[in-house]
Amino acid sequence: MDIRKVLHPVKCADNKHYEITTANFDMTKKEKENFCSVLMNARLPYGCASNISRCVSERKVFGYKSHDAHFILQYLLQFAVIKTLKPEVAIPLIRLGSFFRGICGKVIRFGRCFEVARRNHRNTLPMRDYISTGVF
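Count along the sequence shown starting at 1, add 1334, and that's the number in the numbering used here.
There's no promise every hint is true.
Stated by the list, open to error - What follows is a set of in silico ranges between Cβ atoms, one per label pair, in the way DEER data are often shown: (1) VAL1441 to HIS1401: 14 to 22 Å; (2) ARG1388 to ALA1347: 44 to 52 Å; (3) ASP1348 to SER1384: 20 to 28 Å; (4) SER1432 to SER1400: 39 to 47 Å; (5) THR1356 to ILE1416: 13 to 21 Å; (6) ALA1347 to LYS1399: 45 to 53 Å; (7) SER1400 to VAL1344: 38 to 46 Å; (8) HIS1401 to HIS1351: 54 to 62 Å.
What the hints assert, rightly or not - Below, in silico cross-link-like pairs of lysine to any residue (SDA-like), each with a Cα-Cα straight-line distance of 20 Å or less: (9) LYS1440 to HIS1401; (10) LYS1363 to PHE1413; (11) LYS1366 to ILE1442; (12) LYS1366 to ALA1376; (13) LYS1363 to SER1387; (14) LYS1394 to PHE1413; (15) LYS1363 to CYS1389; (16) LYS1394 to CYS1370; (17) LYS1399 to SER1384; (18) LYS1366 to LYS1394.
The hints are simulated quantities; they were obtained by calculation from the structure and are not laboratory data. From the three backbone atoms N, C-alpha and C, an ideal C-beta is built for every residue, glycine too.
Could you build the full structure based on these sequences and the hints that come with them?
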């Protein structure tokens, strides 16, 4: 299943129970509340995205449309993760959002596509340490 050794269950001292370690991208309840508060309190221009705050409830984000997901990934995610996740996880996610913002623009220069793709390849290398290799 290609699960990293760091995340494998470890036997406790009593040899009856297993303990599961947390991953670098796991968030505590407080961090989840901070993440959701950024999405809930975002003030967006009319027509930019639907009311994303209605999709946030009790540390969960649900019921948003695909356009909202694109908007969150390209613009709001960078503000939410920088305060909640560790820098080694947050920075690649911010760069991934920047990559999607670069390739989803209305006007794209052909030469810039190669530059953005090369930069994205460099930026996804640190993410491979935290996310399953099947994604890449």
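Against the structure, the hints:
1. VAL1441 to HIS1401: 14 to 22 Å: Once the Cβ atoms are compared, 20 Å apart, the range 14 to 22 Å for HIS1401 and VAL1441 holds.
2. ARG1388 to ALA1347: 44 to 52 Å: 47 Å, holds
3. ASP1348 to SER1384: 20 to 28 Å: 51 Å, violated
4. SER1432 to SER1400: 39 to 47 Å: 20 Å, violated
5. THR1356 to ILE1416: 13 to 21 Å: Since the Cβ atoms of THR1356 and ILE1416 sit about 20 Å apart, the hinted range of 13 to 21 Å holds.
6. ALA1347 to LYS1399: 45 to 53 Å: 49 Å, holds
7. SER1400 to VAL1344: 38 to 46 Å: The hinted range 38 to 46 Å holds for SER1400 and VAL1344, with Cβ atoms some 39 Å apart.
8. HIS1401 to HIS1351: 54 to 62 Å: Given about 45 Å between the Cβ atoms, the range is violated.
9. LYS1440 to HIS1401: 15 Å, holds
10. LYS1363 to PHE1413: Holds - the C-alpha atoms of PHE1413 and LYS1363 are around 18 Å apart, at most 20 Å.
11. LYS1366 to ILE1442: 35 Å, violated
12. LYS1366 to ALA1376: This hinted pair holds, its Cα atoms lying about 16 Å apart.
13. LYS1363 to SER1387: With a Cα-Cα distance of about 18 Å, the restraint between LYS1363 and SER1387 holds, given a limit of 20 Å.
14. LYS1394 to PHE1413: 17 Å, holds
15. LYS1363 to CYS1389: 18 Å, holds
16. LYS1394 to CYS1370: Since the Cα atoms of LYS1394 and CYS1370 sit roughly 7 Å apart, the hinted pair holds (cutoff 20 Å).
17. LYS1399 to SER1384: 8 Å, holds
18. LYS1366 to LYS1394: Given that 20 Å is the threshold and the Cα spacing comes to 8 Å, the pair holds.
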